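Order-wise, the sequence lines are chains A and B.
Per the working numbering, residue 9 is the first one in the first sequence, and the count goes up by one each step.
Per the working numbering, residue 4 is the first one in the second sequence, and the count goes up by one each step.
These aren't lab readings, by the way, just hints derived from the structure by calculation.
Warning: the hint list may mix true and false statements.
Stated by the list, open to error - Simulated coverage check for chain A against chain B, where a stretch passes if three residues somewhere in it have a Cβ under 8 Å from a Cβ of chain B: (1) 44–53; (2) 91–97; (3) 354–368; (4) 388–396.
Stated by the list, open to error - Partner residues are not named here, just some residues of chain B that face chain A (Cβ under 10 Å, in silico): (5) Arg17; (6) Cys18; (7) Lys20; (8) Val73; (9) Ser90.
Computed from a predicted model, the values in this text were never measured in an experiment.
In this text, a Cβ means the ideal position worked out from N, Cα and C, and glycines have one as well.
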Amino acid sequence: MKDVVVIGGGPSGLATASELGKRGYQVILLERNDELGGLLQQCIHDGFGTILFGESMSGPEFADIFISRVRDEGVEIKLKAYVKSVKKKGGHFNITTVTPKGIEELKSKSVVYAIGCRERNQFEIKIGGTRPSGIYTAGTVQRLVNLYGILPGKDVVILGGGDVGMIVARHLFLEGVNSILMVYPEEFFSGLPRNAQQCILDFDIPYRPRTIVRSILGDKKVKGVELIEVDEDWQPIKGTEERYSCDSVILSVGLIPYSEKLEDLGAKIDENTSGPMVNEYFETTVDGVFSVGNLIQIFDYVDDAVKTSFIAAEGVERYLEKEDEKNLGIKLKPGDNVRTVTPQRIDQTTDEKFSAFFRPEIEKENPKVEIVSGDDVLERHVKRYVRPSMLEEISVSKDILLGENEVFIDVR
Amino acid sequence: MSDELEERETLCIRCPKGCRLALKIDEEVIVEGNQCKIGEDYGKQEGREPKRIVPTTVKIKDAKWPRLPVRTEESISLDKIKDVMGSVEGVVVEAPIEKGEIIIKDVGGTSVPIIAERDMEKIR
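Starting from the given sequences, assemble the full structure and let the hints guide the process.
Right, here's the structure in full:
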């Protein structure tokens with residue numbers, strides 16, 4: 009019987025496994041791919057590590073720090089291990105994996121899910137026309153270009169002005185595609201200003217705000233798209249249709265926590281984040297099952313995703329040592345001008361403070377961020393500037409929550 | 004000699020606000036559009052010499068992947084990026100490669116090396 013099984017060898021899984029190894033627990037790390045590092049291995053641009061390490065490194069370099077740590081801390085690593093099922097039995101978990109050796113069963117006292125997120129695809133957005141070859145998600149293109157050296161096409165339309173789309177646009181520009189056009193329904197790029205400047209504006213890559221791909225044209229291969237302008241509510245404006253020739257369409261239309269596996273296990277899912285409902289140590293609604301990183305919600309920075317690993321490791325330790333009294337159950341919810349909040353509940357009285365992450369719904373300078381119960385403001389924070397593309401973190405005092413049933417985070 | 008000012012627009016990247024900065028570049032850099040001192044300092048640096056790390060890949064033989072991710076060891080002038088990409092093109096290396104290994108000593112006349120971003124083991 010192991011103490012912990014960590015599922016997923018990306019940055020959050022690596023950080024959780026190494027931290028628990030360091031704390032002296034018997035940890036197995038399961039990774040379905042044949043190498044560790046997860047998505048970071050294809051994120052070859054710099055900008056990782058600025059929050060945690062105070063220096064800007066590439067994805068593979070950031071991953072390498074935590075790959076070294078899991079090795080140093082004696083974590084048992086299983087590659088090419090796909091988790092078929094996790095079942096809770098009594099006080100422990102039976103984990104069935106499929107590996108090159110066949111089916112292997114593992115037993116552990118606790119489980120940490122670190123299986124990240126997936127990209128939204130063409131079938132999840134309203135996009136008309138035919139279904140020829142030449143339609144990709146941005147992450148797939150990043151993988152093709154950076155690991156295989158394959159360009160998706162010569163004349164590329166990118167739909168979506170988020171971070172992944174912008175970063176991919178830069179790779180394609182530098183690797184020498186013929187033309188790129190980025191279109192998105194917002195007024196301005198929805199990703200980080202850093203990426204707008206360094207990926208798009210630096211190279212004068214053409215972009216059109218308030219524009220979407222209405223339909224994809226082409227029989228066997230993409231021949232073009234029909235573009236249409238949209239208003240402030242993203243409604244298409246008649247008469248602005250335009251045919252535009254291209255040989256590939258790249259979709260960068262959002263990421264979604266990959267929470268189906270947790271749902272199978274009985275964990276409750278938050279409809280705002282699409283991730284599991286968690287407490288302040290990122291324990292799901294199933295006792296002994298934790299979740300970390302982009303599975304909880306989409307983080308803008310890997311540094312923040314990895315922070316959840318250290319917090320969850322503390323939670324796992326308390327669970328294993330049976331120090332995790334869970335008598336509070338105070339609900340934390342998104343209030344005015346807030347789209348998502350994690351954690352969704354506060355369980356334990358230990359520690360003075362906890363980290364709350366929220367995504368604002370509005371853009372505002374020097375807003376007040378308030379922890380509110382009914383008409384009472386329990387605690388007030390101030391931020392320099394908030395915008396929906398930036399996930400925010402505040403450190404909330406626990407004692408102000410005692411005796412409350414549910415509290416809200418408001419931005420005003 | 005022209006005494007016309009060079010003017011450029013850039014987006015401040017120092018906080019989530021992302022102010023649009025207008026840079027007027029002469030002997031000194033005049034920054035407009037910023038709303039704080041941090042933005043002014045950033046604009047001045049961008050006006051003097053915008054610098055970037057350049058990430059790309061090179062072909063690698065006998066390795067797990069067909070491409071090895073590499074980058075300039077330090078940031079280089081934005082206007083040298085084309086030269087850097089040109090001198091990386093066609094480079095082929097052989098596994099094994101270690102993270103940090105120098106792939107090109109002086110890339111595109113910048114006197115900055117291109118380094119490997121990760122280990123890549125030899126396969127077979």
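Tested hints:
1. Taking a C-beta to C-beta cut-off of 8 Å, the segment 44–53 of chain A contributes 3 residues in contact with chain B, enough for the three needed, and the coverage statement holds.
2. Under the rule that three or more residues need a Cβ within less than 8 Å of chain B, the assignment of the segment 91–97 of chain A is violated, with 0 such residues.
3. With 0 residues having a beta carbon nearer than 8 Å to a beta carbon of chain B, the segment 354–368 of chain A misses the requirement of three or more and the stated coverage is violated.
4. Only when three residues or more bring their CB closer than 8 Å to a CB of chain B does the claim for the segment 388–396 of chain A stand; here the count is 4, and the claim holds.
5. Taking 10 Å as the C-beta contact cut-off toward chain A, the hint placing B:Arg17 at the interface holds, the least distance being around 9 Å.
6. The interface hint given for B:Cys18 holds, since its Cβ lies 6 Å from the closest Cβ of chain A, which is under the 10 Å cut-off.
7. At its closest, the beta carbon of B:Lys20 sits 4 Å from a beta carbon of chain A; the interface hint therefore holds under the 10 Å criterion.
8. Interface restraint check: B:Val73 against chain A, minimum CB-CB distance 8 Å, threshold 10 Å, status holds.
9. Taken as an interface hint, B:Ser90 does not check out: its beta carbon lies about 13 Å from the nearest beta carbon of chain A, beyond 10 Å.
Violation of the numbered hints given earlier is confined to hints 2, 3 and 9; the remaining hints are satisfied by the structure.
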